[in-house]
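Model the full structure from these sequences, guided by the hints.
Here's the letter readout for the chains.
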Amino acid sequence: MIPGPFAYHRPASLQDAVGLLSELGEDARPLAGGHSLIPMMKLRLASPAHLIDLAGIAGLKGLREDGGEIVIGATTTQQELVTSDLVAGKLPILRETSLTIADPQVRYLGTLGGNVANGDPGNDMPAVMLALDATYEIAGKSGTRRLAARAFYQSAYVTALAPGEILTAVRIKVPPAGHGYAYEKLKRKVGDYATAAAAVVLTIGGGKVASCAIGLTNLAETPLYAEEASRIIAGSALDDATVRKAVAAAEAITAPASDGRGPAHYRTKMAGVMLARALARAKARAA
Amino acid sequence: MNDMTPTAAERAEKLQGMGCKRKRVEDVRFVQGKGSYVDDLKLPGMLYGDFTRSPHAHARIKRIDTSKAQQVPGVLAVLTAADLKPLSLHYMPTLAGDVAAVLAEDKVLYQNQEVAFIVAEDRYAAADAADLVEVEYEALPVLIDPLKAMAPDAPLLREDIKDKTDGAHGKRRHHNHIFTWEMGDKDAVEAAFRKADVTIKELISYQRVHPCPLETCQAVASFDKIKGELTVWGTFQAPHVIRTVASLISKIPEHKIHVIAPDIGGGFGNKVGAYPGYICAIVASIVTGRPVKWVEDRIENLTTTAFARDYHMTTEIACTRDGKVTGLRVHTVADHGAFDACADPSKWPAGFFNIVTGSYDFPVAHVAVDGVYTNKAPGGVAYRCSFRVTEAAYCIERAMDIMAQKLGMDPAEFRMKNLIRREQFPYTSALGWEYDSGDYHAALQKALEATGYKQLRREQKERQDAFRRGETRELMGIGVIFFTEIVGAGPSRNCDILGIAMFDSAEIRIHPTGSAIARLGTKSQGQGHETTYAQIIASEIGIPADAITVEEGNTDTAPYGLGTYGSRSTPVSGAATAMAARKIKAKAQMIAAHLLEVHDDDLEWDVDRFRVKGNPERFKTMTELAWAAYNSPPPGMEPGLEAVSYYDPPNMTYPFGAYVCVVDVDVDTGATKVRRFYALDDCGTRINPMIIEGQIHGGLTEAFAIAMGQEIHYDEDGNVTTGSLMDYFLPTAVETPNWETDWTTTPSPHHPIGAKGVGESPNVGGVPCFANAVIDAFKFLGTTHVAMPHDNWRTWMVADKLGLHG
Amino acid sequence: MAKTQIALTVNGRREEALVEPRTLLVHFLREQLNLTGAHIGCDTSHCGACTVDLDGKSVKSCTVFAVQANGAEIRTIEGMANPDGTLHALQEGFREMHGLQCGFCTPGMIMRAHRLLQENPSPTEEEIRFGIAGNLCRCTGYQNIVKAIQYAAARLAGTPFQEAAE
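Chains as they are written, first to last, in the numbering used here: chain A, 1 to 287; chain B, 1001 to 1806; chain C, 2001 to 2166.
Check each hint, because a few of them may be wrong.
Interface residues of chain C toward chain B, partial, derived using beta-carbon atoms under 8 Å [what the hints assert, rightly or not]: (1) L2018; (2) L2033; (3) A2049; (4) E2078; (5) L2087; (6) F2104; (7) I2132; (8) C2139.
The calculated EDC-like cross-link candidates involving lysine to aspartate or glutamate, where the alpha carbons are at most 16 Å apart (straight line), are [what the hints assert, rightly or not]: (9) K189/A / D1727/B; (10) K1021/B / E2020/C; (11) K1034/B / E2078/C; (12) K187/A / D1666/B; (13) K187/A / D1727/B; (14) K1585/B / D1600/B; (15) K1779/B / E1474/B.
Keep in mind the hints are simulated off the structure, nothing from the lab.
Just so it is clear, the structure is predicted and the values come from calculations on it, not from any experiment.
Glycine included, each C-beta is placed from N, C-alpha and C at the ideal position.
Here it is, written out as structure tokens:
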């Protein structure tokens, strides 16, 4: 498997990168970790004439806390998320999710930006971003903008990114200390995409769920924010009947493909099972 | 004798002969990245080949236009069937008496079939050009289901042989029929079923899988026009067979063909056959006058070269009420894909499938196999098993469980009741095999005790009760199996490939200073032959294993042999090695007698020397005798000390084993976890226990993969949906369980060192053991059989059908 | 396509070369530098046979372009033996514990294990299994690979290796 030929660009600044992207148009693709794009190129499912390597842009790297938010540069790798104290302390769901993605080698190079921006419904981070209500920072030739993750995904590989735009960072409001979280992923083996996965972030006060947000992975053409299910859980004591109702609501919004992971109706059912397990684990973790 | 003189035991230990855990010789290069695999080879002026392949499973080729591909810079040639036809090379003979297309002429018969071969200066240019060959296809109806292959209105696949009513194995009665192979006494079986108290019948399907060694198939061909000689380096499990086939196809005399199999990155049956890539690389080298390398990528490997299984076995057992089996009947539909390229001994189109009576004393049995064509890739190799033996073992071990269930008997107890008894060996089975040796009851008893089988059953019962009470959502399954392998093909009276008897060979040459080189007709792909053959020689003639070089894979230097597959290396070449060593030892004894001035009969062998009986101070070591053989042989004796042996085994060997597996099944997701797996193997005499254990670990892991997830799956249009490692299940270290290994030792009575072979047993026994364990979890609710693979969704469906999801 | 100049350090040696941008790192190492220890097993970044160490990260060199490695420091299996030519503890461990059979996955497996032990010098069995999950082996069933890595961990820590009871 050999990729087709392309011209290689390694801009040193975001401005140059965005300039190149808009100048070269449809023929150009940004390259971050490359672990989605390069296999596609080797299979000749993608044949960009230009690759714009983002690795030289210092501004896209690193994690920092900014007020009540954590800002993660787009080229931050999964491995950096796994080993970050800031993530472990304040956004532990990111670490838990990262560890379910691909394998060690891929995590050393695969980036958060690539995972959330390329629009592959199999990617794990987007559902987590929906649950965390993250905001994406986007740069284009005409400037920068911010967009809620919940407004970003349109269909498989189609996102709100306009031609020439790059996702530069992810901003996540730090959940309250003591929040409960879980990312439950059913897969065939290490390295596989989810058969079904559920991300849950919740807070508990006075024995009741004060807030809850649920995201689902690989169960439709886009990651799913399970709004109705989240609403059902909020205010409840996470009793069995409520969980069953939420599971039904979550299952109802799925539209998975039938593939080697199982027929569609099985994957829908697994969405429910993963959600129920994620809720239970999140509850157990909540202070 | 002073105290410094080593004892016999110390001297034996120094030899590192049979029975010791000798560290592997091969590893020194492998751990340093210095193995030499085919793709590591770089020759001056070497070109690269790549294929344009068919996206269709069945289509007529209307037009091929190579002009754009020819224009890619660096491209030297684009070959199509039109180029090969004048040379009569557009088809090649298969090992099964059929022909297979090298490049498709007017039709493609499976997805990714080879249509054009590009030859270019580098692999990047070749890949670019492969994309630019334009082929116009007219799609034809696709046949995927082998059970529908012989329907009257099934599409005609093989137009090239449509008028051929005589196949390689008898009459063809349908255009998609390849052969029917029968064995056993049909009438007696009929009678047994009429009389039976209890019968079962089940369609037991073994899905299509692929051996998928980590290194794909590859070759470098280099034709020397001046000498008229062809050299081919390749991933060949059977280099001599490849040389003979290459000679027959190319008409280059066999002595002008040099076939070299360097280090091989796993084979498991995938690298037995000859593939279009090899032929095209050879033709391209002849056409261009330069060496040509062809390296398969993983998708090509999984979708075109040598699948395994795809056996659909309707199985019936007759039995008395108290659990004694009285008859077995199996009718199999065998899907061979588009060409019959099955790698079986010529007279055995269904391999040794008639081992299907297994380890049980069936008085009568009958088996029939119908081979059929479909729009799938050709192959049908023995993926880490002897020919069609895993199919047979899976079939009988599933069926025995189903019968035990119907009788209400414990499956272990039912097996105990029907195992062939020790005193029955040598045992002739109802389907004609003569089992050499065994103590089956002792082996099964040991396995049951080692695993605490009764306690496991009690625990399972408690779990079922708790499940019924709603206290757990996990079920527990226990698989127990007993298998008999049949390996070491094979005796010339019933085994040949393309008319070549399936002997194997060893040549040993002792150097004057007492070190040695041994060359064999087999070819290691990871089995550690360089280590173990030396151990056999060390024990036989008293030269330290470290002083023996073992060489395989070069047809110019190795004696003719049939290669390594079907666990035949130890049973056949291991025997040849011992026999050649014994010839050397016999000559050495005469030399020793001469030097010690005694009669031959007055000498006795003592680890590494001949000594005078009753006078152990007088001896000659093998090292001394080696020197004397060259420099002071007895008068009239030829100098030198070497021997060659071609071993035609008197019988197959029959390794056996008892396995127990415990699984926990998550009813809500269908996920299965292997809690415990115990494997007791009896492979006769054990040459290197470390390597045996490694072979068993590996075989069990492959069995685990097959039972739990592997499938080469085709959709109804004939597209392979599991053609890369994203979807074709190769377990990682995380999914793979820990293995417990154990053994008994029942030497083969007819083998010179009593060894039986072991590499494939764990796959043969492992697959049904996992399957039985998963199904066992649901048995108490009435489930009798579930098809493999037992991946999450299929297992969930079992639970769902039983109404376990509320 | 125009070639690009790259300079990198491989096994302590500075290398400069002109490469086509699409040249995969694994092809660059194997064919231009003749370092054939990294193997190609799957082409799709699943098998890990091509694993090398790049700037302190284990990477699959079949899914990295050589141009991306410009300026990087790379270590391959050929650079693992000790300076005096003796085997590295991992290489020794794989041989002692029978952690390999056909040898095809071994260089990638050792390079991955090397980085794992750099980050976690005394991993548990579970951590080892998780840590090498990006490397497939078709021969060994992993059990002896786990032991080989445990052996190396003990050797590197200067403690005697004790096989866990089964």
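We went through each hint and held it up to the structure:
1. L2018: Violated, because the Cβ-Cβ distance from L2018/C to chain B comes to roughly 14 Å (cut-off 8 Å).
2. L2033: 12 Å, violated
3. A2049: 6 Å, holds
4. E2078: E2078/C check passes; min Cβ-Cβ to chain B is 5 Å, inside 8 Å.
5. L2087: 7 Å, holds
6. F2104: 3 Å, holds
7. I2132: 5 Å, holds
8. C2139: 5 Å, holds
9. K189/A / D1727/B: Holds. K189/A to D1727/B sits at ~10 Å (cutoff 16 Å).
10. K1021/B / E2020/C: Roughly 49 Å between the alpha carbons, so the hint for K1021/B and E2020/C is violated.
11. K1034/B / E2078/C: 8 Å, holds
12. K187/A / D1666/B: 14 Å, holds
13. K187/A / D1727/B: Given that 16 Å is the threshold and the Cα spacing comes to 12 Å, the pair holds.
14. K1585/B / D1600/B: Holds - the C-alpha atoms of D1600/B and K1585/B are around 12 Å apart, at most 16 Å.
15. K1779/B / E1474/B: 14 Å, holds
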